[in-house]
Amino acid sequence: MKNRVERVFSDLFPINRSLTGRGVDKTFDYLLNNFPLHGEIKSVPSGTKVFDWIVPDEWNVDDGYILNGAGEKIVDFKESNLHVMSYSAPVDKIVDSDELRKHIHTLPRYPERIPYRTSYYNKNWGFCCSHNLLESEQFFPPFKVFIDSSFNSNGNLSWLECVKKGLTEDEILISTYCCHPSLANDNLSGVILASFLFEYLSKLDTKFTYRLVVLPETIGAISFLSQANTNNIVGGMVLSCVAGPDKLSIKEGFDANHFMNESAHLALKSSVGREYLTYPFVPDGSDERQYSTPGFRIVTPSIHKSKYYEFDEYHTSADDLNFVKSEALLEVLEVHKTWINLIESYCYPKRINAFCEFQLGKRDLYPKIGGTLNQQAHEENERGGHNRLFKFEDTVTINGAHLEAFHWLMHLADGTISNFEISKKSKLDISVVNEAIAAMYQKDLLELK
Amino acid sequence: MKNRVERVFSDLFPINRSLTGRGVDKTFDYLLNNFPLHGEIKSVPSGTKVFDWIVPDEWNVDDGYILNGAGEKIVDFKESNLHVMSYSAPVDKIVDSDELRKHIHTLPRYPERIPYRTSYYNKNWGFCCSHNLLESEQFFPPFKVFIDSSFNSNGNLSWLECVKKGLTEDEILISTYCCHPSLANDNLSGVILASFLFEYLSKLDTKFTYRLVVLPETIGAISFLSQANTNNIVGGMVLSCVAGPDKLSIKEGFDANHFMNESAHLALKSSVGREYLTYPFVPDGSDERQYSTPGFRIVTPSIHKSKYYEFDEYHTSADDLNFVKSEALLEVLEVHKTWINLIESYCYPKRINAFCEFQLGKRDLYPKIGGTLNQQAHEENERGGHNRLFKFEDTVTINGAHLEAFHWLMHLADGTISNFEISKKSKLDISVVNEAIAAMYQKDLLELK
Amino acid sequence: MKNRVERVFSDLFPINRSLTGRGVDKTFDYLLNNFPLHGEIKSVPSGTKVFDWIVPDEWNVDDGYILNGAGEKIVDFKESNLHVMSYSAPVDKIVDSDELRKHIHTLPRYPERIPYRTSYYNKNWGFCCSHNLLESEQFFPPFKVFIDSSFNSNGNLSWLECVKKGLTEDEILISTYCCHPSLANDNLSGVILASFLFEYLSKLDTKFTYRLVVLPETIGAISFLSQANTNNIVGGMVLSCVAGPDKLSIKEGFDANHFMNESAHLALKSSVGREYLTYPFVPDGSDERQYSTPGFRIVTPSIHKSKYYEFDEYHTSADDLNFVKSEALLEVLEVHKTWINLIESYCYPKRINAFCEFQLGKRDLYPKIGGTLNQQAHEENERGGHNRLFKFEDTVTINGAHLEAFHWLMHLADGTISNFEISKKSKLDISVVNEAIAAMYQKDLLELK
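Chains as they are written, first to last, in the working numbering: chain Z, 890 to 1338; chain V, 890 to 1338; chain X, 890 to 1338.
Isolated chain Z, as found in the complex:
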């Protein structure tokens, strides 16, 4: 698995992606050929109005370089696709230092790194390079600048869309973006996580229908939303920056109490306890900016390892294959699997009959000798133990925590309180509550809404 993750990283990293163009198409082909995604590529033509936006022309770039006064190639797109600013206009001329400096982007603070820059909606040409180069002896005029790029107004903006059908039409949206060139944590890691997560989902029977979209950030999400039926979407997750060296973290969706958030927190807790960071919702970041707008109000948290803005290598050539670790991505994958299982468990249990407690004993859900439970519990607590096990039948082992959960369920399960809320009110682990719900459901004591 670890090897597979590493191979996918190496295969996809060199491809030059942007909002549109051949790099994106190649990426989609690779994913469809290497994962059981059963997806389809959708697109809108350049020039289409999508809400407040116009889909830009399709952009491709084949070459780009700067020659110095001695004719030496001091910047070369073929060495790093970050060297040409994304959506740069074509150029082919001789310029002096002053003019070139207006079109060149560097990071004085990190002089050895190439920054990542874009100019999607303002036609301009530009290069990105290390600041060291600007300061070096190699940097002397006259410069020849050459970018072989093209804009195609008959082109398309494309995205990959995959649906895994569930028992209901309620949909969970998994969204990730694919528009960055050779940057590993932001955003290649999100694309790879999404693929492995859908591979996992393809083997599950689920209640929810899951829709994966791999799209260029912002304009891609807007294009997708402009033609999607979003009425069935109950929430989702935006995948981004999931393979860095930092602590696990969550950026919450805009409604902190929504079950998308609660389940994401519970998944993180079950993985690392309290050892993760929480970033409250702010309307910046990735495509939650679109999903959270008033017309949609779709809650989409994100679970990260090294969240965008929070690591120095962000949007520079240092966010490369050395920065990401396959173990990190696999850890985040496990958290997302737990999250899937938690949202699949989300329900509003309702007692079949709302009056008084059920007689648990006749259903083998209660210890046979009365007057003992709390005495025993008391003694075991003093011994530091939690092994209050009562074996009731061959296939089910019910312990004291389940018994507590039964009591809470008999009290709370009126169809208006979710299993997550019951877990909170009872201070019992969601897994215990879910097991107790399962046991009571099997005994026809609850219906689940």
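Take the hints with a grain of salt, since some may be wrong.
You can't tell identical chains apart in this list, so a pair holds if it fits in one copy or across any two.
[What the hints assert, rightly or not] Below, a list of computed lysine to any residue pairs in the SDA-like style, where the Cα atoms sit at most 25 Å apart:
no., residue 1, residue 2
1, K915, P925
2, K1313, P1169
3, K1338, F1185
4, K1096, N1120
5, K1251, N1041
6, K1332, F1185
7, K1251, P934
8, K1313, G1174
9, K1314, L1166
10, K1313, P1183
11, K1313, N1146
12, K1313, V984
13, K1239, D981
14, K962, A1207
15, K1239, P1183
16, K1314, K1332
17, K1314, H1154
18, K1226, Y1255
19, K1239, P1030
20, K1251, G936
21, K1158, S1312
It should be emphasised that the hints constitute simulated quantities derived from the structure, not laboratory data.
Assemble the complex: chain Z is given as a structure, and chains V and X must be docked to it using the hints.
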């Protein structure tokens, strides 16, 4: 009073009570003969379906013992009715040590105590004895085990029900259980407190109607609920464990903001300030487990001295007449009387005319010389005094706190805010608020809902 | 300005005001002649029933003194109009010490001061004087007591009412009282602040209509309310005690979350940060006692410098022209101007189109080169700077804080969340939020409700 409490404890303690049977009947007869309860004994036949439960056969026991290999009576029901497990099946046979040990219950941690055990819904025979006996030289086979018990499928499950009519049909439920054999704090103390409390109520004119039920725990409450009209019940109190040596405490009902809880807290505060413990609601414990289910949602806190689960003597022979104190029970009785007076005061005051302040001066509710109040209050505060008395007429002495309460009432009394909430918002004692409400009501400035 | 404030203080201070009478009329004439108030004097006849109250007879006093046993004038109304209790009945007789002491008010704690006392609704005669006088050798009988006062049952109770029309009929009520004689902070300062505030308002184009009432406390407010159309009043401010030496403070209106309160807090913060005191609402104090009653529920906070009850000079002759400072009043005036501008900005922004983000770039509201913002912000934060300036067009300079505000507005502006709430949720200053709203409104991206 103290002597009376002690006598009732000694009279009732020795009786062998269980879910059903002659001990329960004897207890009810004693209460009806010794307290002005005007109650009636209600019952349902064995085998009746009550919600999810079946009323068990009536059980009686006349004798029970174990003879050791030498024919010595090493366990004898006549010495302690805890020795025979409640609802034990009859038995009469010779057994070896291994078999006897499967049917004998002890407390290794408290080797001198006899535990209390039941087997209501799983037919089995059993003894309870001190762990010391098992370890003693007297304990050697072959054993003769004998229990003279009987199950009557034509029997009944009974409870005592008493109604004290009030001005309205809104009912307060006072519930206590009577199914434990010779155990003093849990639960004889609750039965005795209930009787004295209803003796007190019998002399009062009340707004609420009060219904007392003395019933076997769980199945008795379920049987009562199965035939009761619960629509009028606005809340109540479960009486249990009220005569132990520990601090006063409250186990809250499930809705912490309900006036049943608020009034119980206020009653405790007026008795001991902050010197009491609060146990938040959990759906274990006593018959609040039934009353709190979705079909009923009746809020019933409990006020304790030495709450069940919280004292080591719980459900053992050490919960005897030495463990309980009549002074403790009388202290809890006083708290319950205060609670009754508080819930009787519960109201939503509404101004007769909602516009501007009333002219308090013309109704002798305001000092005659203006410009002085706060000056005076200021000076007295610095002197540490609160004796801001203004005498307005011969029969009413209104002080500065009342005046504050008048102002809060003129502001808040719109019929949607209870006197308890007004007390909280104004930070004035509920007694001051109630006196101010009375004064304004007498002057036709308020109506009470 | 400072000189003007001082002149108005000196002109108005000596006038003997009360609930009714010539002093009140003189005060109104002065205000109408010296400020562009465009007000009118309204009145109700003595004896009129206003809600629970009866308008008292019109009271005037021309002279009042006490002569001692030697015929020396030891108390003289002409020296201080506090010497005669407000609404004192006329008197002209010889009395001994015992009787005089029943009718004389002093402050033993502040022996050199004259207290302020009233007896509006209980006919009585009375003098106020320094406690030192009572202890002096001059104080010996027989005393001649003389008060030349009169009650006119054909008189009037008057108040001054001024309206500044706004674009809408939604009204803001500015209320201050004028019934105290020569007392400077309580309440002459409020009357003067109100006049300067309406002078300021007269030059503004406003959304709200502003109604100023200068009226005798309590009975004046009740009379005004009895004949007012209060349906359009959305809130207001009570002006009182605004020129003392203590810290700025606010007494909140009864609904702490109302935008009247929020805007008042914001105005104070923008003036002095956290350096002001907050007094939570209590139903005492001034005419908020009437406005807050159930029939009206008008939220009216007050902003003070040296709030009533909180300074020792309150309701004594020490609250004189030396106690107040024109600088203090001008500081409070500035806070009220800020408050006016804040409530004028109060709105519920709603996006014209609710789907996805707007394309800010094509409207010159977004930086032209992408991938830079947070990198730059990150670096600047480390340098401690907040100078993230992006110049977009000649007339508008939009900075990073505005950009954050645009994002919050695109997320939250669904017409149900006020600009104040958006400021709180985004933790952005209200001025930044308001500027961003203005920019988006100018670009036809928002409508304002």
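Going down the list of hints, with the structure as the test:
no.: 1; hint: K915 - P925; result: within (17 Å within a copy, 76 Å between copies)
no.: 2; hint: K1313 - P1169; result: both (20 Å within a copy, 14 Å between copies)
no.: 3; hint: K1338 - F1185; result: both (24 Å within a copy, 21 Å between copies)
no.: 4; hint: K1096 - N1120; result: within (17 Å within a copy, 39 Å between copies)
no.: 5; hint: K1251 - N1041; result: between (74 Å within a copy, 20 Å between copies)
no.: 6; hint: K1332 - F1185; result: between (40 Å within a copy, 23 Å between copies)
no.: 7; hint: K1251 - P934; result: between (66 Å within a copy, 20 Å between copies)
no.: 8; hint: K1313 - G1174; result: between (30 Å within a copy, 20 Å between copies)
no.: 9; hint: K1314 - L1166; result: both (24 Å within a copy, 20 Å between copies)
no.: 10; hint: K1313 - P1183; result: between (29 Å within a copy, 19 Å between copies)
no.: 11; hint: K1313 - N1146; result: both (12 Å within a copy, 19 Å between copies)
no.: 12; hint: K1313 - V984; result: neither (66 Å within a copy, 50 Å between copies)
no.: 13; hint: K1239 - D981; result: neither (71 Å within a copy, 47 Å between copies)
no.: 14; hint: K962 - A1207; result: within (22 Å within a copy, 87 Å between copies)
no.: 15; hint: K1239 - P1183; result: between (32 Å within a copy, 9 Å between copies)
no.: 16; hint: K1314 - K1332; result: within (24 Å within a copy, 47 Å between copies)
no.: 17; hint: K1314 - H1154; result: both (16 Å within a copy, 22 Å between copies)
no.: 18; hint: K1226 - Y1255; result: neither (33 Å within a copy, 38 Å between copies)
no.: 19; hint: K1239 - P1030; result: neither (78 Å within a copy, 53 Å between copies)
no.: 20; hint: K1251 - G936; result: between (69 Å within a copy, 15 Å between copies)
no.: 21; hint: K1158 - S1312; result: within (14 Å within a copy, 32 Å between copies)
The structure is inconsistent with the numbered hints 12, 13, 18, 19, although it conforms to all the rest.
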